[in-house]
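Protein chains in written order, with the numbering used here: chain P, 25 to 659; chain R, 474 to 904; chain G, 602 to 754.
Since the hints were derived computationally from the structure, they do not count as laboratory data.
Just so we're clear, the structure is a prediction, and the values are computed from it rather than from any experiment.
Glycine is no exception: its CB is placed at the ideal position from the N, C-alpha and C atoms.
Honestly, I wouldn't trust all of these hints.
[Said to hold, decoys possible] Sample of chain R residues lacking proximity to chain G, with all beta carbon distances greater than 10 Å (derived):
no. : residue
1   : I530
2   : L531
3   : R533
4   : K718
[Claimed, not checked] Ranges between beta-carbon positions, derived for each pair:
no. : chain 1 : residue 1 : chain 2 : residue 2 : range
5   : G       : P665      : P       : G631      : 42 to 48 Å
6   : P       : E564      : G       : P698      : 45 to 51 Å
7   : G       : P665      : R       : S570      : 43 to 49 Å
8   : G       : P698      : P       : E618      : 49 to 55 Å
9   : P       : N613      : R       : E668      : 30 to 36 Å
10  : G       : P665      : R       : K552      : 33 to 39 Å
11  : G       : R662      : R       : E732      : 55 to 61 Å
12  : R       : F733      : G       : P698      : 45 to 51 Å
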Amino acid sequence: MDKTKERSIDKTTQDMLQRAKEMNIPTAWDRLESMLPQCGFGQLGICCRNCEMGPCKINPFSVKEQTGICGASADTIVARNFIRMIAGGAAAHSDHGRDIIHAFMLAAQGKTDAYGIKDEVKLKVLAREYKVKIDGRENNEIAAELADKFFLEFGRQYGEMNPPRRAPEKRVKLWRKLGIIPRGVDREIVETMHRTVMGVDNDYKNILMHGFRTALADGWGGSMIATDLSDVLFKSPEPITAKSNLGVLSRDEVNVVVHGHEPTLSDVVVDAVRSPEMIALAKKKGAKGINLVGMCCTSSEILMRHGIPVAGNFLQQELAILTGAVDLMMVDVQCIMPALSGVASAFHTKLVTTSPKNKAPGVTHVEFKAEKAYEIAKEIVKMAIENFPNRNGNGIHIPDKSEDLVAGFTAENIYNFLGGAYRATYRPLNDAIIQGRIRGLAGVVGCNNPKIKHNYGHIEMAKELIKNDVLVVVTGCSAIADSEAGLLQPEAAVKYAGKGLREICEAVGIPPILHVGSCVDNSRILIALTNVIREGGLGEDISDLPVAGAAPEWMSEKAVSIASYFIASGVLTVLGSPFQILGSKKVTNFLCNEAEDIVGGKFVFEGDPVKAAHIMIDHIDKKRKALKLKPMMYR
Amino acid sequence: MCYLIVGNCAAGINAVEGIRKLDTNSKITVISDENSPVYCRSLITDYVAGTRKKEDILYREKDFYEKNKVDLILGETVKGIDVSKKEVILQKGNSLSYNKLLIASGASSKPLRIKGEEKYGVFGFRTLHDAEEIIKTGEKTGKAVVFGGGLIGLKAAYALKKRGLDVLVIVKSSRLLSRTVNAEAAGILGNWFKENGISIRTGIGPQEFSGNGEIEEVLLDNGEKISVKLVIVGKGVMPNISLVKDSPVKTHWGIITDEFLQTNVEGVFAAGDVAETTDMVTGTGAVNALWTAACEQGRIAGMNMVRKDKKYPGSIGANSADFFGLPFMSVGYAGEIKEGYEELTGSNNPKEYSYKRIVLKGNRLVGFTTINKIENAGVYTALIRNKADISSIRDILPEDYFDYPKVKDLLKGKEGFRESISPQGEIIRIA
Amino acid sequence: MIACAVEQSSTGELFKAISETPLPVSLIEVTTAKEGESFPLQCRHCEEPYCIDACIAGAIRKDPETGLVLSDEEKCVGCWMCVMTCPFGVIRVSLLPDKKGKIAVKCDLCQDRKIPACVEACYTGALLFGEVEDLIRAVNKSKEDRDVLLNSR
């Protein structure tokens, strides 16, 4: 058990890793070991393969200053590689957003069998913002016009995107002054690719500033649109209870795991598994029913809206199949390990890809079409049911552990929670911060990474923050990690939170850590911070707020984009492992130091989650001091 | 079998190790007129400079002799050799017999042969004794004059300056290192010395040292007088060949040796600063009085004393030093261009004391000088040693990116090139 | 190259090693012979090393048990005689901490490790480590078989 204990702090995961070892099935951790030592040039970001004169690499131990063949310095190479990572992440989030608009448009046109406008209030809020006429029009008409306007945010060639203007006025002015307010999602991503082509931008600062613009087009653009329209299409989340961890898999029901990121199909699968027709079929095949569970951000989407149980986060995807109890795993896009098909082939598990953007050799593909989403969802559920009898009874090992959780918080419904239904307002939150009951806010987000003990970074950081009266908001794999440790329960406040935070949690009945959704839902955090500013008393810009962000176990390019739009929005952001930028001292200094004077936020790299939490706490205290807030109520 | 080694320095010690590689039991006797255990002669620069303590310049651990089962006789001068009786005759009159003899008696500082040279305060720059006297005298005076602009003189000047003395270097010829490098390289090094606070005067020599027992004043050949209490004479060395004067052992510049480092007398070998060997560059006999050469010769001579089958490929004039943090190397023939020779230079920057110059004779590399840019210098040395035909790589020779892989095919399997794989495991390349 | 420099560094961690003063020196270099032919260049641990003959300070010695040619950095005086004579050009110059001067440094085949850092880092199997006889036998085998034979990864 020794190695498995080093790999994860989650007992369920350790249990499954032991099983993987016994069955001789390699997992991401084993593959990491076979990759060691990893390429130093890559780790430092000083390998350039953007053209065929190269690849070029800069020797980080050379006393002489080296350049690539074209003359690109380490600074240029590192900056280029870095913003290409931002572009990758921004593209992923935004393309997800684009798919949501597409479903939204079809719903408006009545061309689908699954979607409709489920949140009329939010539809109208958006319509007002986009100056779409509401009076006397049907929802569908409004939605159709709005869909076009949202599509335009992607294809806009000049001017400014609309959602970034939701930021505090001072922030918007700063972005304008710096010339980094994004024009259009696609345009900024394309321009990143252009600038980083051989022989274009070689001023690392200029490159990085465009990186910020691209990242802002994600956080305040593609991601934000994805969140907004998902709320309209699938309804805005409300606090909801559920269970999490691999123990949610069922021994006697058909287990369907939906894994990936987008809600478009998974939300419909929720309807499909609840249909009497499907339940009857399952029973006919000897199952007691159908058990739908989620994995990664898809999981968060349907958890937030339907209370669907969470099977696990990124590093648990292979382990879910290893239980032998998964009858079907349906995947869409992002964070789906290509290794899954290999693991699935060792079991009866049927792996099904659904997105035309993500296929795998030898894996069943049932292509998702928004027009007939329900039909497709049923087809997939049927495949799962039919696969149930193929289970190998003895080969099943389901850990018995799962934790209760509360999720479903949004920038909007926090109003209701804190203020009560009759006086929906951020006032109580602002007051709690001002009076020193709550020290500040922290967003802990991001992935898992086998280089860091699974869930350890997330959980230890979150615990340390709430112990110090920092209200924590979480998304994605970080939220799932906390849920697996029981931190997303109101009781966690009693157990782990500092006195001030505990009082608030107990008064309102919320956990000290609020699950606000999937990784595109990090945009909810931006809006919440903006609302705090609007409420007044805590400065004029996000960079004035006593807040900090962190991605203690990041690995994806999406995390690079998220971290970048957070610092470009004025939030100090701590990363559990460094970005691949250390090969340039100038770029590192710019992003970890100078950026604070320019955009108000900067990166800090700290592998120890407790130390990282204290970096965040110190930063929050610094901001409290600058705002001349009262000292903390309880020392 | 009984081996006798005259001399307890680089050649002598390496001869002991050479013998012991092949013969672990026979008696070895080492006899030396110096009184100290073996020290690194070249390190007296560091000792005088104050960067190394006396106990830190030992060449081998104190138990070297015991471990190698050597009878060590110190403080005894060898007067002569009787090759018919196979004996060496000591100063005291007694004698020691041998089966195989190695003469590794070294060399001594060349005297100036001028009046007053014997006065206290005038020292060579060669032995530990010299160093100790220089240090002692240096403490009483703040100033020293060095005669000689060769490497010995420069090392002495550097060491004294490091010690904190005012140093004046006086050179008879028109520039520094006139017998080692060309004027350009000498100029760069001269500027570096001046930048580090050492005065250099050229075209002047000493005429007389005066003083009452201790030196007080130097009279120069231009009539000028300089009062000084410490003078270093760095005029090169001469082989200590007096012990074979009345024997059949032949001498020329030094004791003449064959390809096995044996003298014309069977069973009598010579190595180190006393031995005349074939110079790899010129092909003629020469005494390359160098620590490096002495080590190699000593080891090979030692092995040949046991079993005469190891050829010595010849010696090469090669020197390397570091002055105030500036590395300097000169190997083979690196003087001014003569007829039939040509030079190659890379991207030199004399102002930044960075210089590389390669001397060719036909398609052979015969010498080079580097200042600061020393990496891969050994590859040039290997090319000289191998007499390799460099015509195919001529253009890239002086480049900074030049390195071993570019010439591996030229060096492979050549005589004198000792590449081999350690039996204990070594990384090899598999194509 | 990077693995070697990290191995020579005082922290032993890449992300810190790149900011150390003095910068650690890689003792292996990958350079080219003919165009396109990569060549890893490091100490051969010669049977009769020129560098040992050249070392005026007695700092470089051949370990009688392992055959490794090792340099005692404490003893090195930075005279560069070894650099001048090494036919492979694999002895490097390293700054000492607090700018106390420079010394010559050379590969010790990572004495403290089971497998030298460079071999461990070499992804294509171009560098192998083992007894000569095993290496010769390993030449014509597949990479997997070589790893088993040499127990190197």
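Hint-by-hint comparison with the structure:
1. I530: violated, 8 Å
2. L531: violated, 7 Å
3. R533: Violated, since 6 Å does not exceed 10 Å.
4. K718: holds, 30 Å
5. P665(G) / G631(P): 42 to 48 Å: Since P665(G) and G631(P) have Cβ atoms about 43 Å apart, the given range 42 to 48 Å holds.
6. E564(P) / P698(G): 45 to 51 Å: Hint holds: Cβ distance 49 Å, inside 45 to 51 Å.
7. P665(G) / S570(R): 43 to 49 Å: violated, 32 Å
8. P698(G) / E618(P): 49 to 55 Å: Hint violated: Cβ distance 29 Å, outside 49 to 55 Å.
9. N613(P) / E668(R): 30 to 36 Å: holds, 34 Å
10. P665(G) / K552(R): 33 to 39 Å: About 37 Å separates the Cβ atoms of P665(G) and K552(R), which means 33 to 39 Å holds.
11. R662(G) / E732(R): 55 to 61 Å: With Cβ atoms ~28 Å apart, the hint is violated.
12. F733(R) / P698(G): 45 to 51 Å: holds, 47 Å
Comparing the model with each earlier hint shows violations of hints 1, 2, 3, 7, 8, 11; every other hint is respected.
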